[in-house]
Every structure is written in C-alpha cells, then in structure tokens.
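Peer 1: Can you make the complete structure from the sequences, with help from the hints?
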Amino acid sequence: MKSFAELNFPGRLIAVEGLDGSGKSTQIYLLKRWLEAEGIKVYFSEWNSSELVKSATSKGKKRELLTPTTFSLIHATDFADRYERHLVPLLRAGYIVLCDRYVFTAFARDVTRGCPPDWVRGNYSFACAPDLTMFFKADLEVSLNRILEGRPKLKFFEAGMDLRLSTDPYESFKIFQGRILEQYMEMSKEFNFVVMDANENVEKQQVLVRKLVSERIDLKKFKRRSPLPLPPSLREGREETEKEEDKAA
Amino acid sequence: MNVKKSHRFYGHGIPRVKPEDLGGRLIVVEGADGSGRSTQIAELVNWLETNGRPTVQVGLKRSTLVSEELEKAQEGNVLSRTTLSLFYATDFADQLGNIIVPALKAGFIVLADRYIYTLMARDMVRGMDEKWLKNLYGIAPVPDAVFYLSVEPEELVQRNLSKKATLDYWESGMDLGLSRDVFDSFLKYQGAMGEAFRLLQKTYKFEIIDANRPVNSVNKELRKKISAVLDSE
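Chains A and B, in that order, give the protein sequences. With the working numbering, the residue at position 66 of the first sequence is 66, and numbering never jumps. With the working numbering, the residue at position 116 of the second sequence is 1116, and numbering never jumps.
None of these hints come from the bench; they were simulated from the model. There's no promise every hint is true.
[Claimed, not checked] In silico lysine-lysine, DSS-like type, Cα no more than 25 Å apart, as pairs:
(1) A:2 - B:1131
(2) A:59 - B:1072
(3) B:1061 - A:61
(4) B:1061 - A:54
(5) A:54 - B:1072
Peer 2: What follows is the structure, encoded as structure tokens:
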C-alpha cells in the first residue's frame, strides 16, 4: 500500500483513527481550523458521509437488515464514492485532505464482524495509504465513559448487537469496542500508525498534532495563492478585520 | 432430489454460513438484455413448480437494501466505476444473505436472472482489475449450472428495438464513450461484453447456449440440462 506522496500526488492525506469516544474527531476538527487559518488548501471528509450511499446505509441500519458482508460492502461503496469523486481530484489539485476514519476503520470493524481480512483488504485495495495516520489511543474505560455518559442510547450496529455478544447493549458495546481496539493494535505497526495518547487533555494533544503535521508536511507548499473569494455580504467584514489587523500591526 | 448436496464458495464465502449447510440447487441464466433470459426463466419456473419443485428467483438490482438508491444514482450517471461496482456487489450480497442462502438451506431451487459474471464482465470492460473482482465475488456460492444465452449483437439490436423502440443507455455502454452514436456504441459494447464472457468462461465454465433460436427450442435444451442437474447427487 503506497502513500499519496510516494505516488507523486501533489496533495497529502492525513487520517485519524480510533475508537468512538477517543476524541479523534475533535482533534481533526481543530487541525482543520488551524490549517484554514494558515491559508492552506484543506478538505475534510468523514467516514460514511457520501450523499449517494447514505440513505441506503441508514435504511439498512434502521431496519437491522445488514449482514457482516453487506455492512462491509456498503461502507466500501460509500468510501469509494468519496474517494473517487472528492479525495483523488482534491489530492491531484494539491489539497491537504483530512479524513476522520479511513480504510483501517473497515479493516478493524469488518474483521471483528467475521469478514476475512484478505477479503476486506482486497476490496479496499484501490485506495492509497495516508501520508500520516494518527491513532488516538485512549484507555478502553476512558472511551467507553465518554460515549456512555453523553449518549446513553446506543444504536444496534454501533453497539455490535449483530454479533450477539450480549443481550445488553452496554455490555455488547464494551466487548465490541475491546475487540476493535485489538484489531487496531495489530495493524498499528504494519500501517505506520502514529499512536497519540488520547487520555491526555485536548489542548495538549492538539499541540502535538500540529507539531507532528508541520514536521511531516511542508505546509507552505499547500497555501492558497489568493484568498478565497467571499460573498458580498461577508466581504465588508473581512475588509474591516484586515484594517484592524493593519492597525494592530 | 437429494437436498443434502452441499455447495462451495468461489472464495472465502460469507461469515456465519457453512457451505455444507447449503442444499438445494442454484441455477444461473446469463445473457444480455434481449437474449431472452426473463422469458426463459419464467418458463422454467412454470415447469419446475408444475413438477412440485419449490423455486425462488433473484436478479440484479432487486435487493431491498440498495436497489432504489442504485437506480437513482444511475439515472444521474454520477457514480465512478469502483463505486458502481461496489454498489452492485452490495446489491448482490444483500440478496445472497437474505434470499439465496436461506433458500438453499431450505432445499429450494434458486434461479438467478444474471449472477456475478455479468457484474464482473461489465467491470472488466470498464477496466477494473480481474483479481480485485475475483476477491470481491469470493462471497458467491458456486452454482450447480450456469447457462449463458449467447445472441449476436446484431440480433440483440433487433430484439431490443422491437421491444422498446430504443436502446438502453447502460446496455449500450454509453458511459464508456465508445461512440456518440448509441447504435454504434451498443454493437461495440455488446461485442466487448461477449469477449469478457468468453474470457470468464475459461475460469467459470458456463455452458454457452445458442439463443439465436426460437424460445421453445432454447427452453427445451435448458430443461434437459437442468433435469440432469436436478437428478444428479
């Protein structure tokens, strides 16, 4: 699996992985805000968000229709749609693409659901490796608490209820997440995950994230040549801020 | 008929399904639009049920899970090839898990109006990697018989036009940009599909049935061959 840099794409792809409740989404969001503020061409893509495929996925989940095989394939379809229509063109145009979950999510979840690892990996073999993958590793208890405190009603597939691990959704969720974590740890070396300590506080983690990204990627190469044109309603606001900035300078 | 006859998968199969639990018979009819597939299958169902054999039918784009979404996406022609390929694979896998497997477990005769071969051939014509496709469709059970209804592209044109007075966008491979002229494109595309099927035939060993002939004589041949499959262990 080659990375986008190795394949001479002008853009770079950064992925975050981790369990639900590991805080990875917060971290990648803050990273995005920083890159935007730096005037860098950046695009954010989330797992399971293709407009085309989403209605089928949510129908399947709601009606509890999915088997491990269709669960895997429908997510692969969703990923392929985002990959071919957004990620690849953006990477060719020199963007920094941020992915909240990448193929490793599928590798971990689908294998936990009983799909053969070779089969899952083969299906995703059209995708290149990220240029940087950060794995947010929190203690299982910490992730579980973050999820179970805030959002007490667990969804069927989210809790891994289809695996019949336990009739209690909370118990099932715990066992399921534990198994996914094992899968992640097994992949960690093979796919060069940078393991981040997700037990640490959010600000400290973000400092590390930004440091890592600027060490790994020569960010000034990804700056926009000119600021994005804004609609007229916002343009005045920007001019004012610029004036204020001038004054401050 | 010995319902205990077990099946095998082309590859890894699907989780939680043991091939030895699959009895029944899986019979596939392949062929282009206009090759007479649906007519032949309707006749076969009629014949089998009259003889007291329980049947179930599956086909492409018939899953409860994604058929609507797939149809919608195709109308706009916005899917790129890997996406389209995986969308169809999802559709197949849904029918596999929810219809084919339970029916085979119960000893039914499953008649498939097209199977993974059409999906593979379509993708191969669009430049997808054959190895990738073989891995993907390693989930499919090996059928007891596969019949490919072979019709010359020129004859397919005539049949399609006499039925619908138009040629279907996808069945003409218009997404491939082979020709702006739909008539030309249809002939080229169906020619390429025929090639892809001949290539797949080497691996998957289906029987090629000359379907340039009248419906009845084709059906007679199919019945004879299917009878042999049903009587076999």
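Peer 1: Compare the structure with each hint and give your call.
Peer 2: Do the hints match the structure? See the list:
no. : hint          : result
1   : A:2 - B:1131  : holds, 18 Å
2   : A:59 - B:1072 : holds, 15 Å
3   : B:1061 - A:61 : holds, 19 Å
4   : B:1061 - A:54 : holds, 17 Å
5   : A:54 - B:1072 : holds, 13 Å
Hint check: no violations occur; every hint is consistent with the structure.
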